[in-house]
Each structure stands twice: as structure tokens, then as C-alpha cells.
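Taken in order, these protein sequences are the chains called W and E.
The numbering of the first sequence is the working numbering, which starts it at 1 and goes up by one.
The numbering of the second sequence is the working numbering, which starts it at 1 and goes up by one.
Hints should not be assumed to be uniformly reliable.
In silico lysine-lysine, DSS-like type, Cα no more than 27 Å apart, as pairs [unchecked claim]:
| no. | chain 1 | residue 1 | chain 2 | residue 2 |
| --- | --- | --- | --- | --- |
| 1 | E | Lys97 | W | Lys32 |
| 2 | E | Lys309 | W | Lys10 |
| 3 | E | Lys22 | W | Lys10 |
| 4 | W | Lys271 | E | Lys64 |
| 5 | E | Lys37 | W | Lys271 |
| 6 | E | Lys309 | W | Lys97 |
| 7 | E | Lys64 | W | Lys62 |
| 8 | W | Lys8 | E | Lys97 |
| 9 | W | Lys8 | E | Lys37 |
Estimated spans, in silico, between C-beta atoms of each pair [claimed, not checked]:
| no. | chain 1 | residue 1 | chain 2 | residue 2 | range |
| --- | --- | --- | --- | --- | --- |
| 10 | W | Arg18 | E | Pro355 | 35 to 41 Å |
| 11 | E | Pro140 | W | Gly73 | 38 to 44 Å |
| 12 | E | Ala185 | W | Gly120 | 54 to 60 Å |
| 13 | E | Glu124 | W | Leu13 | 41 to 47 Å |
| 14 | E | Ala330 | W | Arg18 | 51 to 57 Å |
| 15 | E | Pro355 | W | Leu13 | 54 to 60 Å |
| 16 | W | Leu13 | E | Lys64 | 25 to 31 Å |
| 17 | W | Lys97 | E | Ser3 | 28 to 34 Å |
| 18 | W | Asp26 | E | Ser3 | 45 to 51 Å |
| 19 | W | Gly28 | E | Glu248 | 53 to 59 Å |
| 20 | E | Asp115 | W | Glu31 | 30 to 36 Å |
| 21 | W | Lys8 | E | Glu249 | 24 to 30 Å |
| 22 | W | Glu247 | E | Gly366 | 38 to 44 Å |
It should be emphasised that the hints constitute simulated quantities derived from the structure, not laboratory data.
Remember, it's a predicted structure, so these values are computed and weren't measured experimentally.
Ideal placement from N, C-alpha and C gives every residue a C-beta, glycine not left out.
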Amino acid sequence: MALIHFLKPKNQLEEGGRTAAPVQRDDGEPEKNCPNCHRDTPLSRLWSELLVCQCGYHFRMKARQRVLMLTDGGSFEELFTDVKSGDPLEFPGYEEKLATVRAASGEEEAVLCGTARIDGQRCCLFVMEPYFMMGSMGSAVGEKITRLFEYAAARRLSVVGFTVSGGARMQEGLLSLMQMAKTSAAVKRHSDAGLLYIAVLTDPTTGGVTASFAMEADIILAEPGATVGFAGARVIEQTTRKSLPKEFQKAEFVLAHGFVDSIAPRSGQRKTLSALLKIHNGGHHHGPDAL
Amino acid sequence: MFSKILIANRGEIAVRIIRACKEMGVATVAVCSAADKNALHVALADQSCCIGGAEAAESYLNEKQIISAALLTGAQAIHPGYGFLSENAHFARLCQKNGLVFIGPAPEDMERLGDKARLKELAEACGLPVIPGTKALQSPEEAKEAAAALGYPVMLKACAGGGGRGIRLIKAPEELAEAYGQAAAEALASFGDGSVYLEKYIFPARHVEWQVMADEHGHAVCLGDRDCSLQRRHQKLVEETPSPAVTEEMRRSLMEKAVAAVKKMGYVGAGTLEFLLDGESRFWFMEMNVRLQVEHCVTEMLTGFDVVKWQIRIAAGIPLGFSQEDVSLAGSAIECRINAVGCGTLSMLHVPGGPFVRFDTCLVRGMAVSPYYDALVGKLIVQAKTREEAVRKLRAALCELVIEGIPTNREEQLRLLEDERFASGRYDLTLMGNG
């Protein structure tokens, strides 16, 4: 049955009264300005909406907040907390920088690793931390991710990973570049064991992380509007002396060009991931219990 | 005035609200469940959003989806209709937080007037006669003493009650102890609060309610009464205004009291004060409905005031454009609810016409009635100079109404209209086996 088509009356809008209501907020409640629609939103509301603006813009999210949003209450058990970055090259100012970032972010490193349940589905989970040197990959990040894949392979668990990174951590020089090869090898061994790895690329996923484990997943999802690329757009423009398309390196553009499998808005991520994990686990049971 | 309103409801009431908006020049956004994609309200609205599955919890009760739909379509206000989210203070507050106008009372008022004990105190303070009763009781012994003071029969009710749960009728002292235990246990299981109180049992009684409208500038008017005593299992079937049991003098006095009470409460919006009218022509206040009612149409037909449009104007801060003196209650208007009594697909619809006959419906040919929602598919309303003429008109119109493909209660309603007790106006809540 098709919808009936009605003509539309051309009545003028009645006059008088107010046309809209202001957003009501608690006294003194801080708000955040959306870089996309430029509207201010009270933080409490933004939190209840998983840090997604009403226009659909996805704000960056702290790793622990993401873990809370994603996993079944209390199911996240953190692993490898003792792995921390040193300063092998004695890079000027790196020690101080690490100390400041650790104090500010409350994290020891730029990635959280552990095991968790997502809507009942057991898996290994890593979530990178945007507020720790923009999730840059140093030897500790590489080591934690490598260990997580090895841990998952040994216990026959799927891996779900949220990436956010500016790339390799320059303060660790070649040691950080080496992490690309190391993590890739671990992903390969996990894959060869017939196990599932799902990556969710969040804003921004760039540099050495894109060039290694972020793009090596069996299923690659991306958050709407996330920047996904290797070199920065400005660098590419300056090098090639060509102007780039407007939406270049945005998740939707990357999807259209076949580099990711799907866009996953934050509100549906829990459901999507648990469904994918469930299919991989044979459709019914909750994954290996031997954790 | 808002230039776009989202209607967070379905069925005939969504159609009704969209019509009011069209007359006012306001653009409309309909929301629908997966089961309602082809519904009349969707076709009538300027825009529509499917907000979830057929189950009401996934769609019409899905607060976040509705707010998102309003924000995405740029609606400035949400009309909740009746049922679903219309009395949900949490939803009204969510609207405020998102910069949307909830067309209805403020969330604080909803909470204040939804709490039975507080409302009773408030009504008493506002000069309304409340049913004599006790506060929360501590023991069966205390209940026994209080019941003796009130005089049997009495009703034992849950303080947190609703929906008929935790309620016991007690006719004699020896029934009290057992009923007390049962009611308290039921109340605890249903509402998580086992406290109960006693109330004088008003019997036999009529259900008479008063429509009020108040704006934020301190004006309030009463648009008369509605007699809703024809109920089966607490579901209203036929409503009329004015009530044949209320004399002019009683009406004037009650209307004054209702307006004074609403002003004193500081209430803003459309509301209904519900009373029981006992055999000795005494009114007893029961509760206040802080939303549009299904039977608002009889008031509209009699007074000529569009309740839905005024609800929207009040929400936009426009002062009531009329006073109590402008409200004329001459004549008679009666509404007969048409309910589906089973599922089916509408193959033929003939709507009765003629002067002063109105049929509010969501029915269109090819439409399927699904089991997910309320059974109400239409409301037949007539108006005439006298009650007798209105009854004749309603009978004739009801005979002309043809709904094929969906089983309805039409014939049952016709029998009711032909009942001598209805025709004479001398009926009460016991006519359909309530009480």
C-alpha cells in the first residue's frame, strides 16, 4: 500500500509568541563547542549521547570512557600494565613530556589492552588514548599490542581494536618505526591461527598506525567523519603540488575508495561488534571461556 | 509561533494534531514505527521519520529516537498527544535540555500533580472537595479504626498506585485484616512501596471531569464538564457534555472552583480535573490529567474552541485570547469511541456526514490494524441544540458508519445508545458493570 498523496495548504504561519526555547542547562554546567555545527552543548548531555553532537559530529573520547561505553559492566580486565616507555635515545625533553602527559591523562601509556565482554561476547580489546601524545606509537604501545595479539592467539580469542594515532612516536626514533613490523607480524600470526581481528578507526588514525595494524584487520570499521590516512593532507598537497578533494582522508571518502568496510556510528558500535563477534564465534556461544 | 512541530504519537490523535498545525501554518514532522509506515498521520505530515520497531518501547516510547528526530528535522516543539510520553516528566525534561518545547506542562508540574498524596493535599488547599480518607497507614489495627471513623464501605489503595493494582473494596470490618495484607503485598510487588491508605468508597457514582486551560500569563478558563460514566473495565466508551446529571448551579460553582484551583496551582496548559459525582449530587476530586484527553472533541464541538490549537499557542507563550464569559455551553455534544475488536485490513470505509457530525479517525482503505497499539480507531462526535437531538443524531450517524475488514464495537455501541438509561441521562458507572 502506497502513501496517499495530499495537497499542502498554503496557510500563513500564525503570529505571536516565541519561536523556540533555549537549551536548559544546570547552573554553571560546562559546555563544549562543536567544530562542525558550532553549537554549544552541555557536557552532561554530550556524555549521555556518547560524546556525539546532535549534528552527528563524533568528539574524541578517552580510552577508558570508550571501554565503559563498549563493554559489559565490570568485564574489562586490563593486561600488561607494567609495560611503559623508557627514553632509550635520551631525546631532549622526552622524560619531562612523558611525566606531564602521564599526570594529565591519568594513563601510563597511549593504549589500553585487556580482555572484555561486548554484549556477552568475549574478546581481547585494545583502545588507544588520544589524550596521551595523540596515541603515538612508541615501543611500549607496540609491545602491548603485540603481546595482546599473542595472548589472544594462545587463547583463541578475537581481537577488537580502537585506533587513534598521530603515527609513530618521533622521540623514540627508529625503535618506534620498528613497532610497525613487530605488530604486523603479531597480527599475521593471530590471523594464521584462523582468528578474527576487527579494527575501528577513530579520529585521527594516521601515520605508522595506519601503515601497520590499523589496516591489517579482517574487518575494518571507521567512525563517521574520522580522518584516516598516512601522510597529512597538507604534506601531500605540498609534495604533489596538486589540490586534494574536499573530503580527502575522511572516513566516508576512504570507504568510497575501498579502504574500510563500513562506517560505524558510535551509538551502534556495541551492537555491531557483538554481532560480528557472535557470527565468528559460531553464532551462539560466547567465545572461549578459558581466559 | 513555532514553524515546525514534531508529533510524538500515532493514530487518530496524531492526525488530529497535524490538522491543527496545517490550519496554523505550522510544518509537521510525523514519527512512526516500522508497523505504521503507511499510516495516515505519516501521509498527512510534511515530513516523517521511522523511529524504530513495531513495539511501542522501540518507537513511540523511545525518548532518544524522538528527540533525535526532532533535532535532525529542525522541529522546535514536540506535541506528545495522549498516552505514550504525554505524562512523562523525564521526557519533558529531556526536551528542555535539548532546546525543544514540550507541548504540555512543565516537568516539575507533572511530578507534583502525578503524586497522589501530594495532589490530594494540594487540591484540598485549593478548595476542591477531596474524597475523605487517611494518610499512609502503619498497621491493620490503625486501618480498622480509621475505617470505622470513615464508615463502610471503604477502599484500600496503594499510595504509589495506578492501573487498579493494590486496590481493595472493603464492605465490612471483618474483611479488613486480610485485604490489608493482600493490598500491601500487591503494592510492594507492583510499585516497590507497600504503603496503603483508606478512602471512603463513593457509590453509586458518575465520572464527571472538567476541562481547563491556563496560560503562563495567569489567565485560566474552564471549558465545561464531560460525563464519562459509560465505561467498561475502566475504559471510557461514550462521553458527553454537558453532563445530564449536573445542574446549572452546580456547574457554575464547580467551574469557578476549578479555575481558582488551577490558578492557585500555577498550572500552565490544558488539563482535566476528574471528579466522582455521588448520588447526593456531591463532587469528589479524584485526580488531574495534565495532557490532552481522548474526549477533548466533545468540548470543542460544544464550545467552538480548538483545544489542540490553544495547547500549541499556550506552549508558544501566547495569552489565552478569550475569557470565561466567552465560553458558551449551550446545546449538547456526544462522542462514541470506535474500537477495533480484532486485527484486519480495512477494505471499505464510509464516514457519516451532515451538519455537526465529526469523525476523527486514522482509518484509510488498505490500512491494517496491528495488535501492537491501542484499539481506538475512530471517534464519532455529534453536536445539537438539545441532548435528545444529539442522541438521535449519534444513532443515525453510527448506523451510517461502515468499516469493512476490521471488526469493531460499532453494533455494541449502537445497543448502548439505544439503552433507555442512556437515553434518559440517568446512568452511572454501574451501567456497564463497573463499580
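Hint check for Lys64/E and Leu13/W - Cβ pair distance inside 25 to 31 Å: For Lys64/E against Leu13/W, whose Cβ atoms are near 29 Å apart, the range 25 to 31 Å holds.
Whether the CB-CB distance between Ala185/E and Gly120/W falls inside 54 to 60 Å: violated (35 Å)
Hinted pair Lys8/W and Lys97/E, Cα distance within 27 Å: violated (32 Å)
Outcome for the supplied range 41 to 47 Å, where the beta carbon pair is Glu124/E and Leu13/W: holds (43 Å)
Beta-carbon spacing of Asp26/W to Ser3/E - inside the hinted bounds 45 to 51 Å or not: Violated, since Asp26/W and Ser3/E (Cβ atoms, about 29 Å apart) do not stay within the stated range.
Given pair status - Lys10/W, Lys309/E, alpha carbons within 27 Å: holds (17 Å)
27 Å Cα cutoff - pair Lys64/E, Lys62/W: The given pair, whose Cα atoms are some 23 Å apart, holds under the 27 Å limit.
Given pair status - Lys97/W, Lys309/E, alpha carbons within 27 Å: violated (63 Å)
Satisfaction of the hinted span 30 to 36 Å by the C-beta atoms belonging to Asp115/E and Glu31/W: Once the Cβ atoms are compared, 33 Å apart, the range 30 to 36 Å for Glu31/W and Asp115/E holds.
Lys271/W paired with Lys64/E [C-alpha distance capped at 27 Å]: Distance ~17 Å between Lys271/W and Lys64/E Cα, so the pair holds.
Assessment of proposed distance window 28 to 34 Å (beta carbons of Lys97/W, Ser3/E): violated (53 Å)
Gly28/W versus Glu248/E beta-carbon gap, inside 53 to 59 Å or not: The hint (53 to 59 Å, Cβ to Cβ) holds, given that Gly28/W and Glu248/E are roughly 56 Å apart.
Hint check: violations occur at hints 6, 8, 12, 14, 15, 17, 18 and 21; the rest are consistent with the structure.
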